[in-house]
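Go ahead and model the full structure; you've got the sequences and the hints to work with.
Protein chains: 2
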Amino acid sequence: MVELFFEDFAVGQTFGSGRRKIEAEDIKRFAAEFDPQPFHLDEEAARGSLFGGLAASGWHTAALTMRLLVESDFQPAGGRIGASFDELRWPQPVRPGDELRVETEILEIKASKSKPEIGFIKVKVTTLNQAERAVQEYIANLVVQRRQKGVRKPVLRDAREG
Amino acid sequence: MVELFFEDFAVGQTFGSGRRKIEAEDIKRFAAEFDPQPFHLDEEAARGSLFGGLAASGWHTAALTMRLLVESDFQPAGGRIGASFDELRWPQPVRPGDELRVETEILEIKASKSKPEIGFIKVKVTTLNQAERAVQEYIANLVVQRRQKGVRKPVLRDAREG
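From first to last, the protein sequence lines stand for chains C and U. The first sequence begins at 1 in the working numbering and counts up one residue at a time. The second sequence begins at 1 in the working numbering and counts up one residue at a time.
Just so you know, these hints were derived from the structure itself, not from any lab.
Below, simulated DSSO-like cross-link-like pairs (lysine-lysine); rule was C-alpha separation at most 27 Å, straight line:
| no. | chain 1 | residue 1 | chain 2 | residue 2 |
| --- | --- | --- | --- | --- |
| 1 | C | LYS122 | C | LYS110 |
| 2 | C | LYS21 | U | LYS28 |
| 3 | U | LYS122 | C | LYS124 |
| 4 | U | LYS28 | C | LYS28 |
Laid out in structure tokens, this is it:
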């Protein structure tokens, strides 16, 4: 996959991902280890809860989103290093059998004033189910590396913006 | 554990948790499934990265924090239902052998205008390592159930505030 540097990003660019299906067993296994609340562990208990049925832990959705991001076209050089995250929401529950994908949109780009080798990008990361409904949203502020001077690749940049 | 209703919470209350140790194998196993970036998977590769050594995925820290919260004294009735999360940060990397605990502080309390059976609380959730340094922070806006009228338990409330 092509690594993207600070200079390769532009406001309005979007990046897609592959898809991943989540099954009831995945939901229960994650919940047993990290979020053992009845509505994530047991169909019967979940029916009587606010969720009205088995639902994935939001942190499971967040973790799966990261997996989809790592395998997506969104490949900042040096890795996806998050400085901070805001407005994390789970507007819809993730249900057994859901198939998730991720869309990343570049919202802002800012050079670092103190560190010439890095920059910051603000991205909106939306996780969608097979019905194209958002199951998770967040805004991430990421640290990205700058390309060394003299080795810019404007061709790549144009392709990404198109 | 005692379930806490909207009426049981007060600004400034804090809740502690137990502790959980995280080992290199846990870090790699989580990363292999959810965040397969070199600095979460391999000591050698991690040494050459921004982290300077193996570090847990931030989403692993978030998941472990949830586990500690579920087992903590912070037990809102009906479960920990997050409406939204802000200012999620990982100020320090989580390293193999780290032992984590969670502190929850109540920042704001607000009744729902449209739904008399629920209310909202804003909490700051801080995850600390064995050196008492924050490895994760976030602000969560949670939905909590109100106690039914006529069954208030002021004794519990006083105890929590003390």
